[in-house]
Amino acid sequence: MPDDIQDPVGQSTSLASRLRAAREASGLTQAQAAAELGVSRPLLIAVEKGTREASPHELARLAEIYRTSLSELLRPALPPVAIGARFRAVMTADQRDTDDLSSAVDELQRRADDYLDLLRISGTEPPGRPEPVRSLPALDARRAEDLATEERNRLGLGDGPVRQLREVLEIEVGLRVFLLPLPSRIAGLFVIADALGGCVAVNSRHPEERQRWTLAHEYAHYIANRDRAEVTRLSHLRQPESEYFADAFAANFLMPRSGLSRRFHELKRTSSDRVTPSMLVQLAHTYGVSLQALSGRLEDLGLIPAGTWERLRERNFQSRLAARMLGLEQPAQASDALPLHYRLLAAQLYADGDITETQFAHYLHTDIVGARRAYAELTETADVASDGSPQILDLAEAVG
Amino acid sequence: MNVPHPPLLLDACVTINLVAAGPIHQIARSVGHSCLITRQAANEVGHLRDTTDGETRVAPVRLTDHVQTGAFEIVDLTPDEIPLFVELASLVDDGEASTIAVAIKRGIPLATDDRKARRLCAERGLDLPTGTVTLIRHYCEAQALDHTHISHLLQRISSRASFQAPRGDPDLKWWNDHQPDSTNRDS
Chain F
1 MPDDIQDPVG QSTSLASRLR AAREASGLTQ AQAAAELGVS RPLLIAVEKG
51 TREASPHELA RLAEIYRTSL SELLRPALPP VAIGARFRAV MTADQRDTDD
101 LSSAVDELQR RADDYLDLLR ISGTEPPGRP EPVRSLPALD ARRAEDLATE
151 ERNRLGLGDG PVRQLREVLE IEVGLRVFLL PLPSRIAGLF VIADALGGCV
201 AVNSRHPEER QRWTLAHEYA HYIANRDRAE VTRLSHLRQP ESEYFADAFA
251 ANFLMPRSGL SRRFHELKRT SSDRVTPSML VQLAHTYGVS LQALSGRLED
301 LGLIPAGTWE RLRERNFQSR LAARMLGLEQ PAQASDALPL HYRLLAAQLY
351 ADGDITETQF AHYLHTDIVG ARRAYAELTE TADVASDGSP QILDLAEAVG
Chain Y
1 MNVPHPPLLL DACVTINLVA AGPIHQIARS VGHSCLITRQ AANEVGHLRD
51 TTDGETRVAP VRLTDHVQTG AFEIVDLTPD EIPLFVELAS LVDDGEASTI
101 AVAIKRGIPL ATDDRKARRL CAERGLDLPT GTVTLIRHYC EAQALDHTHI
151 SHLLQRISSR ASFQAPRGDP DLKWWNDHQP DSTNRDS
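Note that the protein sequences, when read in sequence, are chains F and Y.
The first sequence begins at 1 in my numbering and counts up by one.
The second sequence begins at 1 in my numbering and counts up by one.
Just so you know, the hints here were simulated from the structure itself, not pulled from any lab data.
In this text the structure is predicted, and so the values were computed from the model without any measurement.
Wrong hints could be hidden among the right ones.
Listed below are the simulated SDA-like cross-link pairs for lysine to any residue, each with C-alpha atoms no more than 20 Å apart in a straight line [what the hints assert, rightly or not]:
id, chain 1, residue 1, chain 2, residue 2
1, Y, 105, Y, 90
2, Y, 105, F, 56
3, Y, 105, Y, 78
4, F, 49, F, 27
5, Y, 105, F, 57
6, Y, 173, Y, 115
Cβ pair distances, simulated, as ranges [to be verified]:
id, chain 1, residue 1, chain 2, residue 2, range
7, F, 130, Y, 166, 35 to 41 Å
8, F, 171, Y, 105, 45 to 51 Å
9, F, 30, Y, 143, 54 to 60 Å
10, F, 122, Y, 60, 29 to 35 Å
11, F, 234, Y, 60, 32 to 38 Å
12, Y, 142, F, 27, 49 to 55 Å
13, F, 45, Y, 123, 35 to 41 Å
14, F, 377, Y, 25, 29 to 35 Å
15, Y, 55, F, 313, 34 to 40 Å
16, Y, 107, F, 340, 43 to 49 Å
17, Y, 25, F, 30, 43 to 49 Å
All residues carry an ideal CB built from backbone N, CA and C; glycine is no exception.
Isolated chain Y, as found in the complex (with noise of 0.2 Å):
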């Protein structure tokens, strides 16, 4: 039996990460969190990047359709969240204000790659945030794909949001041993 864990919240960065990778369903379904992000980060969100026969294109992210399918929800701040909200949006932007003053003020654990704003989570005495990669290894993981079909997974990523693992990220070396061109064969 699954235990239910504690909502996540997604900042803006993550949220299209995971989006870029596809199953996004699947994904939050898999590290066992309903997903959250505030209205301020998904309105920041912007647009993934579709390359076909060389041309690429700009293509929607249409969250809703995500949170039809219950991969997230939306959240919009509390009365008693504005100022800290405020507070915060003078140091960072909207988006990530928005989501460190829901994570401090409703206890609940954050995902960002972002080294502003988990510098800001630190000083701020929030727990280490979660990051994109460790978010995917757990699905990968969870889901016992093999190394072909993590490649292609972390291909989707890297060519439709342009993302690249930060330094120092806890699953640097995952992320590499994973690439296409990897000779890694481990799953």
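Pulled out of the complex, with its shape left as it was, chain F reads as follows (with noise of 0.2 Å):
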């Protein structure tokens, strides 16, 4: 049985796990956790194995040494370790950002044990429809075209611009999608959880167009080799075969060419066939892309000259700076750092007297006040009452 997977086991083979997890979670040794309870260390290995039953007053005492919610440690499944497991074998690769990794990783996991857990309560699955790996004879720029069509055409996105990207993949293809602070030069995480499907996490500081392009990114890491954990850098070092791949697919993805190239010349038709760099910004703008992105896909498509972007740099041309004068709005921030079914998924079940508000708040990583201001904003509707003030969905009521 995978180590993930969250089917009820032993509450001690899962409460032994999650003081394990705690503690290294903690920084603390086995010797120093157990000076602190007051215990040889022979004694908390055997509660960590599960060989000896922590009496109610260790366990309470772990919970304040570790620094972590009672109520936590004593979930019922197994806590989805793998996350870190098969992450670390990558960041051995490169020792540099190991350690500010590793807190990064260590928080994806905290996430997908609470999506598990609001999964375990609520009975459910988590949405989508999860499609077999692909098996591609080999990973070059004509596949990720060909894989991207597909895609688009499986999903039914036609060859426009896709303006919902994270709802579509979160909700369509099965992706849990976080927002987290990440190191600044990673973009993304991307690893597979058995219980929960594909997770990624998309760096919080980056601008929202690069947020799009990592998603597309980590989206063709899940069809094409999900198998081990990865994690996308910002280099111009080189980089393995699979990321330039990726990154086709995200070109491809994000700016289909029969779409993009038809945009371009009716946009091109309409400014005396000219090119201009207000024309890029407008595209860019429409496809949500940055305009270095868009630039190198025209380029690409042999639609303006090689080295168009380079040009527009070296002149120090203010892409956003042009936006704003052309009266194009900047990309709504996607700032939800949880994905929208589990949020959903928690305010149902504090609306249905399942969770308690605390637990509630906890989950949105929030406090009290701050979790019922997420429900009053998850369940306002688009719908206004006759007095004109906003309509707010009873979810109580309407499952009721």
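Hints are included, so try docking the two chains, each in its own frame, into the full complex.
Structure below.
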């Protein structure tokens, strides 16, 4: 059985595993934790192995020592420790950012654990129709384009811009997307958690356009080579073949050849057959990508001369300023750190009285008042009441 | 002469509502209780949100200040309460688990608006807990506050703690009747 499967296990097995994970997360050695608890190291080791049951007093004290909640330690399923293990295999290849990355991976693992706990309480499955991994003879640009076209067709996206990229990937594809503050040179993380499916962490500190590119990039890993954890680094150094493939897929998925060419020619025609910087800014805005990504794509398609982006950069062209001057709104920053389904599931469980308000706050990683505000936002509909005030959907009533 | 009432245990959610209301010391005194909160629940109280000129900022809650005024007492679990606390913590969060464990072991009434916590109290044979709205109503009636003052008080709870009276609250009608846009002028 995979070690992150959430099937019910013996209480002692899950508790032992969670105690060990909590100690490791707190940074304490077994000897230090044993000393804090006032027991011998062999006794603590036995507790972490599940061969000795911890007393209630010991459990309450260990929760304090590890600075975690007792209710989290007592979750009746194993924590998804395989997430960390899979990343550790990747991180050994690059020691430079291991420490920064370790805390980000721990955070992703905690989010996945919370998601699995919500699914356990609700007795439901996560959304999406997981597709089997594609077996590709080679990871090259042509196959990246073919795969992107296939996926667009499968998802019924046509050849236009995908504005609701995150929603499509979460609900239709079944990726679990978390926004996390990652180290600045890390764009994203991808890993498979057996009971949850593909999990993606996108750097919340990066601009919206870059986040969309990262999402499409990680999506490529999910469909083409999901067996190993992936760390997407921003680097000018030579990257593995799978990274070039994922970038080519992202370019084709976000900016399909046919649709982009058509829009480009339409805009060119209305600009006296000239290609202007403002036209490129407008196209980048339409596709929700950076000017650099758009220029690179148009250069690859032979629609603008090679080196266009470099020339714009040398002239210190300010794409954000140009967009503002053209009256183009900045893309709404997808600031929700947690998947939409996750948030709605937590809100429904709270509305049904299956979790407490403080548990709801914990799952949303906020405090009680923050949770109340989030609940109001999640349950506010696009409609207005007869007096013009926002319409609130009563989740308890809606399912009652 | 005031007859001393038994202490009342507050969970974190009721506590932050009472702190948001403002005169926490007076509220506690007017309902005739000394208010207790477990250390675990105190750790879960979090922050209020204060809005000035359309800008919302996080306002820390310093429970220790209220402890010094005598409005609250923070209690630690006794060794004989720990096993029940651990048992309940597998069902609810640590704050509710400790509050219910103390209520059961010490026979103290408690205040919570939380649906799951209230259901657990019923399953464990505790008396029906009181809630935020009932406590505030008792305070307003004891102080003979008029509609305008009550509305301001409720508005502070709604805006600073984002609290809305639960459906099914026995004093829901009173709460609704005293909202700022209500035409009811009874106090």
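Evaluate the given range 35 to 41 Å for the C-beta pair formed by residue 45 of chain F and residue 123 of chain Y.
-> With Cβ atoms ~37 Å apart, the hint holds.
Outcome for the supplied range 54 to 60 Å, where the beta carbon pair is residue 30 of chain F and residue 143 of chain Y | 57 Å, holds
Measuring from beta carbon to beta carbon, are residue 122 of chain F and residue 60 of chain Y in 29 to 35 Å?
-> About 33 Å separates the Cβ atoms of residue 122 of chain F and residue 60 of chain Y, which means 29 to 35 Å holds.
Straight-line alpha-carbon gap residue 105 of chain Y to residue 90 of chain Y, limit 20 Å = Answer holds: residue 105 of chain Y to residue 90 of chain Y is near 18 Å, not above 20 Å.
Quick one: are residue 55 of chain Y and residue 313 of chain F within 34 to 40 Å, going by C-beta?
-> 37 Å, holds
Holds or violated: 29 to 35 Å for the Cβ distance of residue 377 of chain F and residue 25 of chain Y?
-> 33 Å, holds
In this structure, is the beta-carbon distance linking residue 107 of chain Y and residue 340 of chain F contained in 43 to 49 Å?
-> 45 Å, holds
Pair hint residue 105 of chain Y and residue 57 of chain F, alpha-carbon separation not exceeding 20 Å = 16 Å, holds
Between residue 234 of chain F and residue 60 of chain Y, does the beta-carbon spacing fit 32 to 38 Å?
-> 37 Å, holds
Is residue 49 of chain F close enough to residue 27 of chain F, meaning Cα to Cα at most 20 Å?
-> At roughly 18 Å apart (the allowed maximum being 20 Å), residue 27 of chain F and residue 49 of chain F satisfy the hint.
Is the hinted range of 35 to 41 Å satisfied by the C-beta distance from residue 130 of chain F to residue 166 of chain Y?
-> Given a distance of about 39 Å, which is inside 35 to 41 Å, the answer is holds.
Hey, residue 173 of chain Y versus residue 115 of chain Y, does the alpha-carbon distance stay inside 20 Å?
-> Given that 20 Å is the threshold and the Cα spacing comes to 19 Å, the pair holds.
Hint compliance for this structure: every hint is met.
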